[in-house]
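2 protein chains.
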Amino acid sequence: MKVSPLAPENPPRLPPIAGLRLATMAAGIKYAGRTDLLMMMFDNPAVVAGVFTQSRCPSAPVDWCRRLLHAGEASARAVVVNAGNANAFTGRRGAEATLMTANAASAALGCANNEVFLASTGVIGEPLDASVFGGALQQLAGRGDENGWSDAAEAIMTTDTYPKVSTATADVDGETITVNGIAKGSGMIAPDMATMLAFLATDMPVSRQLLQDLLGELVGGSFNAITVDSDTSTSDTVLLFSTASGNIPVLADKSDQRFDAFKTALGAVLHDLAMQIVRDGEGATKHIEIAVSGAESDESARKIALSIANSPLVKTAVAGEDANWGRVVMAVGKAGEPADRDKLSITFGDVRVAVHGERDPDYVEETASEVMRKQDIRIGVDVGVGIGESRVWSCDLTKEYVAINGDYRS
Amino acid sequence: MKVSPLAPENPPRLPPIAGLRLATMAAGIKYAGRTDLLMMMFDNPAVVAGVFTQSRCPSAPVDWCRRLLHAGEASARAVVVNAGNANAFTGRRGAEATLMTANAASAALGCANNEVFLASTGVIGEPLDASVFGGALQQLAGRGDENGWSDAAEAIMTTDTYPKVSTATADVDGETITVNGIAKGSGMIAPDMATMLAFLATDMPVSRQLLQDLLGELVGGSFNAITVDSDTSTSDTVLLFSTASGNIPVLADKSDQRFDAFKTALGAVLHDLAMQIVRDGEGATKHIEIAVSGAESDESARKIALSIANSPLVKTAVAGEDANWGRVVMAVGKAGEPADRDKLSITFGDVRVAVHGERDPDYVEETASEVMRKQDIRIGVDVGVGIGESRVWSCDLTKEYVAINGDYRS
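Line by line, the protein sequences are chains A and B. For the first sequence, the numbering used here begins at 106 and goes up steadily by one. For the second sequence, the numbering used here begins at 106 and goes up steadily by one.
Treat the hints as calculated values from the structure; they're not laboratory data. Glycine included, C-beta positions come from ideal geometry on N, C-alpha and C. Some hints here could point you the wrong way.
[As the list claims (entries may be wrong)] Some but not every residue of chain B turned toward chain A, in silico, with C-beta under 10 Å: (1) T158; (2) G240; (3) Q244; (4) E280; (5) V488; (6) G511.
[Said to hold, decoys possible] Stretch by stretch, here's where chain A covers chain B in the computed footprint (C-beta under 8 Å, at least three residues): (7) 173 to 185; (8) 218 to 226; (9) 457 to 465.
[Unchecked claim] Pairs of lysine-lysine residues, derived as BS3-like cross-links and limited to a Cα-Cα distance of at most 27 Å, are as follows: (10) A:K504 x B:K504; (11) A:K408 x B:K408; (12) B:K479 x B:K408; (13) B:K504 x B:K479; (14) B:K504 x A:K479; (15) B:K135 x B:K504; (16) A:K107 x A:K135; (17) B:K107 x B:K479; (18) B:K408 x B:K107; (19) A:K107 x A:K479; (20) A:K504 x B:K107; (21) B:K479 x A:K504; (22) A:K504 x A:K107; (23) B:K135 x B:K107; (24) B:K448 x B:K504; (25) A:K135 x A:K504; (26) A:K107 x B:K504; (27) A:K479 x A:K504.
Only chain A is shown next, with the shape it has when bound in the complex (with noise of 0.2 Å):
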């Protein structure tokens, strides 16, 4: 698999989180020649917030992590992840397998199943079989790395093109706590979700309402800002640690004086996380940013943002390098929200191809095409009816996406 032109050029080496150890290893789920299994262990119960899937057929792990979280005073102590088999739409059996790997990973811990948060991604529908993860688990916890931050993120790959990295710092009090985050995702990338899987810790100790509450709100302008293909996983899952092992005190308000500088470490990693989700999004070229301002509310400019960033016409214009604001035009129109077709206008880039509700009069061909030819393309639409934004990031739909999706399950 080529890795996607996209990717970024020097992914940071991620500094350790105190008391965060992670190991890796090949369980053959599915793949050859290359690691599947990944546990995060805690040296002392972390703090822990998650955000899941909207789908209606959640997978067994997102279940099982649901209901940690829902009995109120979760803690972790393990996050179990495998790849190749998402253990979704498997039944009682899925149920089952969940319970055999929190049962594994206890006992190769020491600490209580209910304080072992799990993953799966990889194919839907067909049954996972949990008894190997006894020994492996077994072994896992015997090798923990606390600079084992890069091969976590290969290890959770799947039809990825590269491992996804970020890492922020906020100086705190005259401290420096750290953001740690590792993610995987590239097809069935939609909205209305967390995304595929994000692994986040910081060393930062937050109260558990603050946490989830933070989470929450700063996945609406990262993972839930950004689609692929429109096609919500089954099996989408952030969780966010914070291991609390420092002397620092716990950041529980946001009068907090330190709440700002936290909050801004954590967006840039969730950031910059859904950046690069989307910028290896299966056969993409092209990174697309759809900025919707003059709607009739922020709600109403994101639908119409997201009905541009899933318009396979658009998409596939970009692809081809092509200015069609026409098309551009028809996302608007179909999105249903409040728009006014004659007050309309259209940027591509720095360029503005529409005004008015028609060409720009200045409009040249040449000029426009040049911006279609970079990687990165803006979309500007200001609809006309009110104050109301939002922006959201797609990619372009490429044979590519075809070729990877018409034959990856057999």
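Assemble chain B onto chain A, guided by the hints.
Showing chain B alone in chain A's frame:
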């Protein structure tokens, strides 16, 4: 352009409808060496019904037709259709072009300009120069032909690979009446619309109100139940004319004993044309029928069916002849409608691949693969919560779709 492998083998020859003549010519709007202008002419004012795109950015001809129909006492003496330019998102000049076209037709035929219906299809956002229509329509007025239906279907094509014609007859009180129809459409095809363009006529005299009611009802299960790429056009238009030129008493009431026979004939033509459009979906190699049952309501079943029909991952799997029911589960899940994951069952053709929320114990890969190699694929889904049901039709997503749309405008 290669003809779709799903094209009908023996298109019917459409019989005349008394008092209705058609003429076409190459007006050079965009294409070279082919016809692109059609005028349908009625000797006597025809009763007319219409349904149009729900786009918030409708084309100027859609605005024009809607205004005529909303005026209440609309009747038709002509329909002028051009291919190559949609006259959409063309501002004030777009409205002027419709007026100029209607004036030219009314001058050529000696009727009022509000008896001239209009439709345009092709590129969006380019001004349409209607000045060429003056002389052209004058010529067409002189050479209307009752047998011009096939030529008419050809003149309105854009990326279509074959002309779409359909006809049906009904026996009403010993008299044979006819319903003829033509349509075009291949990409930018999605529900919540009429379709790209379809024009039907019958010699059955029908009252205006009943004609409109019938058309509105029947598009629900035909044109509004198909999708090629989830993209809704700015120009979708279905117009149905009743020439009312014979001695048959006007049909004005559903309790009329002739109603069922007429409705059946009209429904057959609408369904046939809708299927021809989806079978000519850009790049299509497979025709997919999706039948959802066991939903909370028919409307809920329809949303689930469309979620499956519009999923790029389901469509690429069908293109790859892969019986990937996991993606069907995904599409059910993302629809957001009530569904019981653990009661879900899925069939491909006659093969039950999943039952009670997991793979059918009797599932044999080879049997399902055999179904997938056929040209016509039926996907059945029972979501296990009620008695709502719905059927929609779609096609697969292939590299050809991307090729066709990656370079359409330039």
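| Violations among the numbered hints, reported as their numbers in ascending order | As far as the earlier hints go, 2, 3, 4, 7, 8, 18, 24 are violated by this structure, in ascending order.
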